[in-house]
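Top to bottom, those sequences are chains A and B.
Going by my numbering, the residue at position 369 of the first sequence is 355; the numbering climbs one at a time, nothing skipped.
Going by my numbering, the residue at position 7 of the second sequence is -7; the numbering climbs one at a time, nothing skipped.
If you are wondering where the hints come from, they were derived from the structure by calculation, not from laboratory data.
Treat the numbers as computed from the prediction; the structure is a model and nothing was measured.
Accuracy of the hints is not assured; some may be wrong.
Unchecked claim - Sample of chain A residues facing chain B (criterion: CB under 10 Å; computed from the structure):
#, residue
1, Arg54
2, Ser56
3, Glu140
4, Arg222
5, Ile232
6, Ser233
7, Thr237
8, Leu261
9, Leu326
10, Asn327
Even for Gly, the Cβ is constructed at its ideal location relative to N, Cα and C.
There are 2 protein chains.
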Amino acid sequence: MDRMKRLAILGSTGSVGRQTLEVVQRHPDRCRVVGLAAGSNFDLIAQQVAEFQPTRVAFPRPVPGAERVSMEELASAPDVDLVVVATVGKAGLTATLAAIAAGKPIAMANKEIMVMAGSLVMAAARQHGVTVLPVDSALSAVAQCLAGEGQNVEQIILTCTGTPYSWRAPAALRAVSREELLRQTHGIMGRKLSIDSATLMREGMQVIEARWLFDVPFERISVVVHPENAVRALVRFVDGTVKAVISQPSTRLALQYALSYPERWGLPALPPLDLTALGPVSFEPLDEAKYPCFRLATEAGYRGDTYPAVLNAADEMAVLLFLDQQIGFQEIPRVVEAVLNRHQPVHHPTLEDILQADQWARDFTPQQVPE
Amino acid sequence: MDRMKRLAILGSTGSVGRQTLEVVQRHPDRCRVVGLAAGSNFDLIAQQVAEFQPTRVAFPRPVPGAERVSMEELASAPDVDLVVVATVGKAGLTATLAAIAAGKPIAMANKEIMVMAGSLVMAAARQHGVTVLPVDSALSAVAQCLAGEGQNVEQIILTCTGTPYSWRAPAALRAVSREELLRQTHGIMGRKLSIDSATLMREGMQVIEARWLFDVPFERISVVVHPENAVRALVRFVDGTVKAVISQPSTRLALQYALSYPERWGLPALPPLDLTALGPVSFEPLDEAKYPCFRLATEAGYRGDTYPAVLNAADEMAVLLFLDQQIGFQEIPRVVEAVLNRHQPVHHPTLEDILQADQWARDFTPQQVPE
Chain A
-13 MDRMKRLAIL
-3 GSTGSVGRQT
7 LEVVQRHPDR
17 CRVVGLAAGS
27 NFDLIAQQVA
37 EFQPTRVAFP
47 RPVPGAERVS
57 MEELASAPDV
67 DLVVVATVGK
77 AGLTATLAAI
87 AAGKPIAMAN
97 KEIMVMAGSL
107 VMAAARQHGV
117 TVLPVDSALS
127 AVAQCLAGEG
137 QNVEQIILTC
147 TGTPYSWRAP
157 AALRAVSREE
167 LLRQTHGIMG
177 RKLSIDSATL
187 MREGMQVIEA
197 RWLFDVPFER
207 ISVVVHPENA
217 VRALVRFVDG
227 TVKAVISQPS
237 TRLALQYALS
247 YPERWGLPAL
257 PPLDLTALGP
267 VSFEPLDEAK
277 YPCFRLATEA
287 GYRGDTYPAV
297 LNAADEMAVL
307 LFLDQQIGFQ
317 EIPRVVEAVL
327 NRHQPVHHPT
337 LEDILQADQW
347 ARDFTPQQVP
357 E
Chain B
-13 MDRMKRLAIL
-3 GSTGSVGRQT
7 LEVVQRHPDR
17 CRVVGLAAGS
27 NFDLIAQQVA
37 EFQPTRVAFP
47 RPVPGAERVS
57 MEELASAPDV
67 DLVVVATVGK
77 AGLTATLAAI
87 AAGKPIAMAN
97 KEIMVMAGSL
107 VMAAARQHGV
117 TVLPVDSALS
127 AVAQCLAGEG
137 QNVEQIILTC
147 TGTPYSWRAP
157 AALRAVSREE
167 LLRQTHGIMG
177 RKLSIDSATL
187 MREGMQVIEA
197 RWLFDVPFER
207 ISVVVHPENA
217 VRALVRFVDG
227 TVKAVISQPS
237 TRLALQYALS
247 YPERWGLPAL
257 PPLDLTALGP
267 VSFEPLDEAK
277 YPCFRLATEA
287 GYRGDTYPAV
297 LNAADEMAVL
307 LFLDQQIGFQ
317 EIPRVVEAVL
327 NRHQPVHHPT
337 LEDILQADQW
347 ARDFTPQQVP
357 E
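So that you can see chain A by itself, here it is in the shape it has in the complex (with noise of 0.2 Å):
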């Protein structure tokens, strides 16, 4: 496995693709950039294409030194050897379709894709023989305990760190402010991603990713607090043992790892863990009923068909309305649930239902502002 890999980056100026690149300059031997992607920024794709000289771009615009193509045609160009999606929201779901049928292995970093589409990508995956692998700390863990064994998964275990917002203190919730929420914003997670994770939204939609990724049922997936934030992610196998992945919460080292498989690579920016200074680590049941996010999520994920979509838009647009004023931190969920329970589901859904129903969700949701 020693053959250096050519990457297509899709959305390589946002933050997983500027992190890719990084990985790129650290292992010139390993890997180099045969096409980028991007939908904006001109300015640093254009430097992008200067520093790696990638063959292709896509672009809206022509950018100088390389062929301008279509993303789809980026994605499944027949000298990419792996295809890292680090797209937002829709954008780069058909490119990956098509990277799949061309029979790209993926780096999946856009989790939005994962919880609207993932039956069908996954299915279009195992129909061409394509792995992918998650760039999402969490995720990555149990694709890395799942390494090396067969289809005998008894329970797959996500762990979160748990949250001091609640759904049952209303009195205390009512005065969550944005700017205290943000503030527990760190690194590159984004002001979106920060709401997600004090509603658990986040893990939940995790949830959903994890029933795709690995093709395991939703009852036998879990959701464990460990305030420790050592532990990733552990799954428990039919001989009871359970494999645990620790590591730093880390999208780089996770997007390394998509980067390196079926190899590791070396990673000396991020200090090694030392496990006798961890000092102890526990686990704790989820409170489901304190996150009514997080079972939205999990029930949206159950029921299946265009439901994922629609949490997923309905999420995006109540996240929005709350950072924008118009509803408190509470009312997140409430408008999600209203949301979902006016949606009208399609059976066994296309790529093309899929996106009219989070357009659907995205029109809708607005109105379910309280007066």
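Starting from the structure of chain A, add chain B where the hints point.
Chain B only, in chain A's frame:
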């Protein structure tokens, strides 16, 4: 991998041998016995032959119902898919090498063979492309952490629960009685293993086994104290990620993994581990200075040549002298060290050299008893 596995079991009347037959009984659709070998218990092996109907048997005298062959023939017969080495001491060493030369995967439950001759055994295994899976709770956990991974190991971390006995409290130690130590024995662990656990010779020998089984230099193998006894072993990879295996400390589980590999089979006899009932778990550095037997073992492993064989034999004799009340608990490491210091090592030893060093140490150790 749904094909029936045909097993040859060396040492079928011992503890691990009997457990192997229990696994066969539980999974009659997945494995069956084609050969049994034992050394002394005629009644039991006759009963085993009647029940499991192997084609061949290796025993000092004929056993009705099966063809009598040598242990080497039994282990290398064409219809054998996996050889379980559940013998004690040197017994089974040449049969193991014969099995490896015939390309048979090995489930290795004999620690002495791996300590004495791990270098020879694993060199042969690499030469013949044979997998050797350890039947030992901690070492099996390491093998499981390494499944699906390349050669990107930074550190193998074995855990031990620690022991209340140390060399540095002479007054207290003089009073450590055989009865007290053997009260610590639980389940199938023998008297020898119980003493080796108290001195941490067991962990030192595990380090030697790990060095050969996983082809990782001694500098990359360490032991941490883990009082909760939940995590069996951990492996840190070059990217800083740590994989851990959490399971019951069960030889039977390790045995079944070796039999089912690369699959896993259900194990209804063991209750599943409840993570949230686990309570906090912790890891502390091992104070090696407090455990002279641990230091002696790792030093002997590091020196290599015939030293590990001498360590193994000298420790066995020293423990026997302790059980026979000829020496005190704290004299065990002193006796072993005296024997190691007098040993004239043979470089790049052959099997014959190793067996001679073993015999020399067995003869020489009793002479080290203080007047």
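Verification of the supplied hints:
1. Arg54: Because about 35 Å separates A:Arg54 from the closest Cβ in chain B, which is outside the 10 Å limit, the hint is violated.
2. Ser56: Since the shortest Cβ distance to chain B is 34 Å, the answer is violated.
3. Glu140: With a minimum Cβ separation of about 7 Å from chain B (threshold 10 Å), the hint on A:Glu140 holds.
4. Arg222: 7 Å, holds
5. Ile232: 4 Å, holds
6. Ser233: 4 Å, holds
7. Thr237: 13 Å, violated
8. Leu261: 5 Å, holds
9. Leu326: 29 Å, violated
10. Asn327: Not OK, violated: A:Asn327 not within 10 Å of chain B, min 32 Å.
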